[in-house]
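Trainee: What follows is each chain in one-letter form.
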Amino acid sequence: MQNKVEILVNGSPCQRAEVSRRRFFVRMTVAAGSAIGALAGLPVIGFVLGPLVRPAASLWRPVGSVESFTIGQTVKVDFSDPSPLPWSGITARTAAWLRRTGESEFIAFSINCRHLGCPVRWVEGAKLFMCPCHGGAYYEDGSVAAGPPPEPLARYTVRVNDGQVEIQTNPIPLTTFGS
Amino acid sequence: MFKSALAALRFIDDRTNASNTIGPLMKHIVPRDARWWYVFGSAALCCFIMQVITGIGLALAYVPSGGDAFQSLKYITEQAPLGSVLRGMHFFGASAMVLIAVMHMAQVYLHATYKYPREMNWMSGVVLLLFTLAMGFTGQLLRWDANGVWSAVVGAEQASRVPLIGPFIAHFILAGDNIGGATLTRFYVLHVFIFPAFIFAGVALHMLLIMRHGISEMPKAGQPVEPSTYKRDYEARLKKSGVPFWPNAIWRDAVFSLIVVVGIIACAVFFGPPVLDKAPDPTTLNVNPSPDWYFLFYFAILSMLPASLETWVILGGPLVVILGLLFLPLLSNKGDRAPSRRPWAPATLILGGTAVVVLTLYGAKAPWSPNFAAQPLAQNVTASAGPSATAGAHVFFDKGCIYCHDVDGDGGHRGPNLSRVGDRLSADQLIIRINNGGHNMPAFAGRITRDDLATLVTFLQSLRNNAGPLPTDTNGFALKAPPPPAAVPVRSPQGDRR
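In the order they appear, the protein sequences are chains V and L.
Quick note: the first sequence uses our numbering, first residue 43, plus one each step.
Quick note: the second sequence uses our numbering, first residue 571, plus one each step.
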């Protein structure tokens, strides 16, 4: 059989018409297939990626009355995510390390180690936050005391509202490239 | 009755052409010397099929919701008939699949089977191994306990180190800004639908390529692969001495796979499934996340790296290894296959294998993690040195020193063993260390009272072999009691970054 180029150059008008007809069919099939892919795929992609481009929700969550915290003590407080799903159960909960530093002054630290996100625990005797994973340690102001963390512990914004201590929710702190 | 059943079978076979399609595939000619070395690939496939079957069984009871998964796992393990065995089979099946896939790869590498024309057999195998590991990671996470939750966080944190799009990937992994109801479902879909689909497709491609290029012969020294003549010679040799795969070769595959399956079920029955950690409550902070055994070596590498190299290794390490493995056959696809002519191949396997084993054992011990389970030191360690040293031993525990320092077998291993520190360091030197901290040690200046420091140093000084003299201070005098701590220079905590 002659190849396409030969037919287009030397072939009979009938042969030439058949080759161009087939070329049209190929284009038609590819176009229809791509359209099917796009029509079916775009809503799925939008569904999966949509939530990611939405700005993070941020809410004030009460964690207890001012009097329930002793000045100078660092305690774990639990509160709920900004946008829990009905089936989240206990996974909707999150925690922070809260310290009362004055009459109505508070500091709240994220529980996530800045190395790889493991949960740091407050060691009262040593006045250190310590990470169980790779031995990261932080001083009581959250600055790095030892180990691999590249950054100090992240903090939450805290306010006192009507005698209640409230923490402003935040996304999980991520250590990014170059930090 | 029997006759009509036979007639029905014949009808089906005639119309579907089944035996004519499958028969020649099963009876394709393989080299006579393809013996026990060749059983790993089919055993890995057998493990995968078993994972699919046990996985479907588990999925019948598993609830892929962040709030309920843990309860459903508890139900499967504790109440469902044979649930514990099923979970055990799925776990040990995963372990076996990883192990056997790696052995298969090691055999193919040792015998250089990846050379012409089987380059893409190897490459599709590498991709299959990656998906197998991805199944391992997501599977560990579906064991949605405290360890599972924190594995998701650690995975997301590693992904967030990717330049520019890192945080985006991290949020994609977590299905939001935080661990929550959607996180688990994401991993469930990956583990149950997406990755298995790729594995099915990969296995199909892998098998098609085996059919296309044939099973390789055992390598012979002095019989190098020459792409221009290989196929012709291979066909000729096969015609002369080959045997049909069914049944001359397949029985070894069947026997080895049976041993593997019996081993998996025996482990599932005798050892049981991995114990569930605490509930997946992100507010439970007294957890100690660590990966399943097949990632312990990587856990160890990340833990022992200098922090400055970490991002590069997290991002670059897997990339270099994956690309290196993937393109290995393109680097050398001809020449000798025999290990005796390629001494680097066995050497690489022995060195690499040893490294992975050592790192895995080290990862299991995780000496870089503080030992939060450490108990106060026993009386016999402290009492003999007097009340001050005993008080110091309490300080040693209260201040968390024991989490990182071992004394006579108790404590952590992140810092130096202090069982005989009295022989090494004078009181002066001890005070400087404690106040200033040092390599990987927090500075305790301002975090310890003068009295506590004094008793702590007395205690540490008492930790010595009774033989030699006490270490001396800079003036050459032996020190019995610590000098006042105030005389020691102190650095600010903030200045103590590594």
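What the hints contain is simulated information worked out from the structure, not anything from laboratory work.
Some hints here could point you the wrong way.
[What the hints assert, rightly or not] Taking lysine to any residue pairs in the SDA-like style, the calculated list, with each CA pair at most 20 Å apart, reads:
1. K169(V) - F967(L)
2. K169(V) - G1016(L)
3. K169(V) - P946(L)
4. K169(V) - A961(L)
5. K118(V) - N858(L)
6. K169(V) - N1005(L)
7. K169(V) - R807(L)
8. K169(V) - G979(L)
9. K848(L) - G88(V)
10. K848(L) - K169(V)
11. K644(L) - A137(V)
12. K169(V) - W821(L)
13. K118(V) - N856(L)
14. K169(V) - Q677(L)
15. K169(V) - P733(L)
16. K169(V) - T1019(L)
17. K169(V) - A925(L)
18. K169(V) - W882(L)
[Said to hold, decoys possible] Far from chain L, some chain V residues (derived; all Cβ distances over 10 Å):
19. V47
20. F111
21. W129
22. R135
23. A137
24. V165
[Said to hold, decoys possible] In silico contact screen, one side only, chain L against chain V (beta carbon under 8 Å); selected entries:
25. A676
26. Y679
27. K848
28. G979
29. D980
Glycine included, each C-beta is placed from N, C-alpha and C at the ideal position.
Trainee: Hints first: check each against the structure and report whether it holds.
Mentor: Against the structure, the hints:
1. K169(V) - F967(L): holds, 13 Å
2. K169(V) - G1016(L): Holds: K169(V) and G1016(L) sit about 10 Å apart, inside 20 Å.
3. K169(V) - P946(L): holds, 18 Å
4. K169(V) - A961(L): holds, 19 Å
5. K118(V) - N858(L): Holds: K118(V) and N858(L) sit about 17 Å apart, inside 20 Å.
6. K169(V) - N1005(L): Roughly 14 Å separates the two Cα atoms, so the pair holds.
7. K169(V) - R807(L): violated, 75 Å
8. K169(V) - G979(L): violated, 25 Å
9. K848(L) - G88(V): Status violated; Cα separation ~36 Å.
10. K848(L) - K169(V): violated, 26 Å
11. K644(L) - A137(V): violated, 25 Å
12. K169(V) - W821(L): violated, 65 Å
13. K118(V) - N856(L): Answer holds: K118(V) to N856(L) is near 12 Å, not above 20 Å.
14. K169(V) - Q677(L): Cα-Cα ~53 Å, so violated.
15. K169(V) - P733(L): violated, 35 Å
16. K169(V) - T1019(L): It holds: about 12 Å lies between the C-alpha atoms, which stays within 20 Å.
17. K169(V) - A925(L): violated, 38 Å
18. K169(V) - W882(L): violated, 32 Å
19. V47: Given that every Cβ of chain L is farther than 10 Å from that of V47(V), nearest at about 30 Å, it holds.
20. F111: holds, 17 Å
21. W129: Nearest chain L Cβ is 4 Å from W129(V), so the label is violated.
22. R135: Violated: least Cβ distance 5 Å, not greater than 10 Å.
23. A137: For A137(V), whose nearest Cβ neighbour in chain L is about 4 Å away, the distance does not exceed 10 Å, so it is violated.
24. V165: Not fine: 5 Å to the nearest Cβ puts V165(V) too close to chain L.
25. A676: violated, 30 Å
26. Y679: violated, 32 Å
27. K848: With a minimum Cβ separation of about 11 Å from chain V (threshold 8 Å), the hint on K848(L) is violated.
28. G979: violated, 20 Å
29. D980: violated, 17 Å
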